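There are 2 protein chains.
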Amino acid sequence: MDRKALINIIKFLALVGLIIEAMFSMVLITAKIYNEKIGYFFEYWLGSIIFFGLILILFRKHHMKLSIKEAILSVNLVWIMGGVLGAIPLMLLTHVSFVDGFFESVSGFTTTGATIYSDISDLPKSALMLRSVMHWIGGMGIIVLSIGLLSLINPTASLALFKSEATGITPEKITPKLKQTAMKLWQVYILITILDLILLKIEGMNWFDAINHAFATISTGGFSTKSESLGYWIHNPWILWTTTIFMLLSGINFIAHIKAMKGDFSGFKNEETKWYIGLFLVLSVALTLVHYFQSNDTLFFDATNAFFTISSILTTTGFATLDYSQWGQAAIAIIFMAMLLGGNAGSTAGGPKIIRYIVMFKNLKFQIKKFLFPNAIFSVKIDKKPISMNTINSVGAFFFLYIMTNTIIALYLYANGYDTMTSISAAIACVGNIGPGFGHVGPVDNFAFFTDTQKIVLAIGMIIGRLEFFTVLMLLSRDFWKKF
Amino acid sequence: MDRKALINIIKFLALVGLIIEAMFSMVLITAKIYNEKIGYFFEYWLGSIIFFGLILILFRKHHMKLSIKEAILSVNLVWIMGGVLGAIPLMLLTHVSFVDGFFESVSGFTTTGATIYSDISDLPKSALMLRSVMHWIGGMGIIVLSIGLLSLINPTASLALFKSEATGITPEKITPKLKQTAMKLWQVYILITILDLILLKIEGMNWFDAINHAFATISTGGFSTKSESLGYWIHNPWILWTTTIFMLLSGINFIAHIKAMKGDFSGFKNEETKWYIGLFLVLSVALTLVHYFQSNDTLFFDATNAFFTISSILTTTGFATLDYSQWGQAAIAIIFMAMLLGGNAGSTAGGPKIIRYIVMFKNLKFQIKKFLFPNAIFSVKIDKKPISMNTINSVGAFFFLYIMTNTIIALYLYANGYDTMTSISAAIACVGNIGPGFGHVGPVDNFAFFTDTQKIVLAIGMIIGRLEFFTVLMLLSRDFWKKF
Ligand SMILES: [K+]
Ligand SMILES: [K+]
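Top to bottom, those sequences are chains A and B. Here our numbering is used: the first residue of the first sequence is 9, the next is one more, and so on. Here our numbering is used: the first residue of the second sequence is 9, the next is one more, and so on.
Here chain A stands alone, though its shape is the one from the complex:
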């Protein structure tokens, strides 16, 4: 690696580091308002600001223009850096070990929402705010960073990265300039967050809970300020349904939201969103019925919890209203299906995402048709536009990597003595950026009992899943490092 590449990467990391620390000022504000002791947090915060600031000043004359490879390496490093930048304040504020802090922090920035804390409600408000802020930055990062910030540096790299992160699904271009798109994504992201938090405030939350839950909802992160998660508001259907709707909105391609802001709702009429809503309704109704027949609650109460749960899992948010792992195995099977699906591409949701299932099912139909009519000419079409063989291939490769990663992590945990359900669902919950699984990592449990090594493996799983495999896999390729 030459000097120029190194400076490019360092400057990029410093820039992101500064943004993260700037956002962490909300922790200071929270501590001030609630009069909380924050140990050396202020010193850490100020030191980081100065550190990143000095780097930027030092290289102020260096024109940062990342090559594709540099951008890929930077994006990988940025998530690890985020993990460290979040781990230290968590250590200072809640006195956890570095590994615990790193796990929680990576879980925050990747919007996974798996936690090592057993009693959330007991945490200082500044620590709760820190976790929510990590979600919010991470969610923004996923939809904006790759085509936003990077487009300021190098449009080619950002385009390529977007391609690599969306793995073959070409983003619909609504503005010729990516920079403009990035700014609009920011606006929409902030707007939806504000809308959600105002509604939550009106419906009965205090400002603190409203802000934190809005952050965790729009980023599909799932950290709550309460040990009972949204179950704290179990008798407030307004809050639960509002959150159900906003999780669902956050699982939709944000390009559609930009269009909607202009009064154009065509973004919601594509095949992916239609299937997404359809699957949400089918799974929610199924879960309502299965749960209703084994509970003594009213149908409305059960429907509220079932629709909330499917929305939470399908969008990979991971909030819970009740311990749904107690609803019986048929209910768990339905929720498990939602775990394997995920939201829409271009949203904050994780998982394989609906569009990839559509591509694979259309590919099956295509393969059969090709076999039956070998001489006919046709292609796989999404929203009436043909997609290339290579795109289909990369989707097949995505599923292969998704299954391989989950299988390897699950077998690793199983080999270390955990039960089958805990091993499998912990892997899927982390790699899919969902948060809670089943077994010992259910919605009312936490990840504290894993060993340090296991926590690091799961944290790496979160990053691999969040960067959709290829971005990380690339680093293992010899071709990547050749003539870097």
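Derived by calculation from the structure, the hints in this document are not laboratory data. Please read these numbers as outputs of a predicted model, since none were measured by experiment.
For identical chains, the list gives no copy identity; a pair is met inside one copy or between any two copies.
With a Cα cut of at most 35 Å, we get these calculated DSBU-like pairs of lysine-lysine:
| no. | residue 1 | residue 2 |
| --- | --- | --- |
| 1 | K45 | K209 |
| 2 | K378 | K73 |
| 3 | K73 | K377 |
| 4 | K373 | K490 |
| 5 | K73 | K491 |
| 6 | K234 | K45 |
| 7 | K490 | K69 |
| 8 | K377 | K490 |
| 9 | K267 | K370 |
| 10 | K12 | K490 |
| 11 | K392 | K490 |
| 12 | K491 | K282 |
| 13 | K370 | K392 |
| 14 | K12 | K370 |
We have chain A already, so just place chain B with the ligands on it with the hints.
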């Protein structure tokens, strides 16, 4: 469907039915030798022979020439017919229900080897022979029927079918005429079986056990004549190592064996076989070490059992020497990996098969290379020959179907109250034609406890897996039935 197509299919089914019944004569011979009562088996057998014979005589002037669609439909029907033709004699000989007989029979013909009998050693020898014969016909069916018998009818259909069953992996053509290849496959199949049974006899088995185990080994079926499976010969390393080697041989492409008969061993030098042997060694050594450190046995004893177990699971045979599910979770994790791999294409083994993993890993490398060097021209090569994008696509589709089928069956079982490990491993063991899984379907357990519906679902899973998904999925396509 017109009259001609109907007669084509009926004649084909009658021909296969007659071959099956002809082979079932071994049951009569067994009963005669051991002087066993066989109820109405003789009447059933004679009736079937006459029934199929009459159909063939009735349509003797009809020139059977199956179209591609007719061939696909026939192959699907032939496995269901096999299930029925095996179920009835099992009912007569062992007094089980039709569904139990059907499950056992489909398990036999698909060379799965999952059983509903709790005490194998107590079964009449005629029933044991019946089960082994079903394996042997099934194994032969899988490698020969599709390119053998069907090639007598219509080379195009057989080629097409071979393509559909091998899903995209073009078989290496070693003789220009498929009919000739089919005959050679027969010869090799019989030869290896005889070689195995003679060795087993010399090493200490009686003729009956030797014949049965040779049938179950070469077909990678896994039905034994003993409740302890090969554990009955636990202190006879000769028998165990012979079986280890012959299972391994049966998991290799039979085209390689044909070549080897002519003194040309190049068939074993392809990428798939190399990886297959390599993975076998790595997994076996790993299992030996893991098992050795938690047992009090000699290293040789543990190695014998570990190599045997990996050979048995990797080739999807399903024999056991000991209850390996008691070797601890690390050992189970290693065995689980073997369950997900499978043998070579063109062998009697089930599972996804090594070649498909090679294709997927090379595709990953290809995708990364294509991303890094968008203007360079290269392709995915297997054994130095380039393979088409569409072939890679169909392999991706195969894995997608493999995962989907297993997931749906596992979730179905789980929703019905079984534990996670039982649900998942029962699905993988049936769809992969392995036989034993873990949990309640471990190597010393059986499938009797499932309900009738669950047994039928699992039996269908075996057929879907055996026909490698596409052949069955084809029937669900509207295009298939259009202008049949
Ligand atoms: K989440
Ligand atoms: K088997």
